Amino acid sequence: MNKRLSPWRLGATLYMPATRTDISDAILKNKIAGLRSLIICLEDAVSENDIPQALNNLRQLTLMLAKAKAAGGNTHWPLVFIRPRHAEMGELLVATLDLSAIDGFVLPKFTLASLPCWWNLMQDTHLCMMPTLETEEVFDVLQMRELATTLKHHPCHQRIIALRIGGNDLMNVVALRRSRSQTLYDGPLGYVIKMLVAVFSSRDFALTAPVCEHIDDHQMMDKELALDMAHGLVGKTAIHPNQISTIEKALMVQPADHADALRILNSSQAVFKSQGSMCEPATHRRWASEVLARAQVYGIATEQAQESIRLLTTEA
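Numbered according to the UniProt record's numbering, the sequence shown terminates at residue 316, and the numbering increases by one at each position without gaps.
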């Protein structure tokens, strides 16, 4: 069984419709600066009429990637995932395509009821999984608790990199669209994200943050990313390349947090003061480990980045 990849390797995960003909450039030629992971989408981003074209594009792409990987050319590639339209399409992809260069599947509209079907088609592959939580059931804490408990003890657990929170689909369930003047946390999704963090993170699952669809509002993006980080989310969906650098900057570790994390993991004291705050290794150790794992991938923020955060906090 393939061990799951670290969720910290996801960064800003860019969605690209499978109808696009330039996906190979993003993977093979590093045409998108800073791209760590991308999802080739066959679901919501592709209309029903375009499915044949999308499948044909994907077939050609997977052959090209498999050939390049066999030649040892995948050292610096971003992680590559495919988002099938449904489990039946996923079964078709596994049966007919060369997926040797693909890292995993994003599982749309994932529920407890759909788990057996998805696992049946994926268990004998090398593919990792990123289930997407985006249906009516997600608003029910009891159903989410049952799902999280089942996944924790299921053989698929070691294949799940992270669970993706599908913000737009969840807003659609309650007949809303996110406000242009507020973060996603200011509406009903604020409750949902908090609940999912409580239910899934406590069972050792990582969660990724929903997309910020207001592409040109960088101030809104910064505010929302600060809240994403405060909730322990490990990355964020991107829908445009110009969002990648902003997400990457937010994922950098603040120097004060890095210093505290090192002290917590290396101290023999039960409780001590650091930078004006109490540190208690018994309760802060998991946080400290995650901080160092994130710093290893994204680095430590510079003074300029810290100043941007101070200004943002002041303006807020």
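Since the hints were derived computationally from the structure, they do not count as laboratory data.
Keep in mind it's a predicted model, so treat the numbers as computed, not measured.
For each residue, glycine too, the CB sits at the ideal point set by N, CA and C.
Take these hints with a grain of salt, some might be off.
[To be verified] When the alpha-carbon atoms are kept at most 30 Å apart in a straight line, the in silico DSBU-like pairs for lysine-lysine are as follows:
1) K109 to K152
2) K69 to K29
3) K249 to K223
4) K29 to K249
5) K273 to K31
6) K29 to K67
7) K273 to K109
8) K69 to K194
9) K249 to K194
10) K194 to K109
11) K152 to K194
12) K249 to K273
[What the hints assert, rightly or not] Derived CB-CB ranges, DEER-like:
13) T283 to G190: 22 to 32 Å
14) Y191 to N242: 53 to 63 Å
15) G276 to S24: 48 to 58 Å
Now the hints, each set against the structure:
no., hint, verdict
1, K109 to K152, "holds (19 Å)"
2, K69 to K29, "holds (13 Å)"
3, K249 to K223, "holds (13 Å)"
4, K29 to K249, "holds (23 Å)"
5, K273 to K31, "violated (46 Å)"
6, K29 to K67, "holds (15 Å)"
7, K273 to K109, "violated (46 Å)"
8, K69 to K194, "violated (40 Å)"
9, K249 to K194, "holds (23 Å)"
10, K194 to K109, "holds (20 Å)"
11, K152 to K194, "holds (19 Å)"
12, K249 to K273, "holds (28 Å)"
13, T283 to G190: 22 to 32 Å, "holds (25 Å)"
14, Y191 to N242: 53 to 63 Å, "violated (30 Å)"
15, G276 to S24: 48 to 58 Å, "holds (51 Å)"
Violated hints, in rising order: 5, 7, 8 and 14; the structure is consistent with all others.
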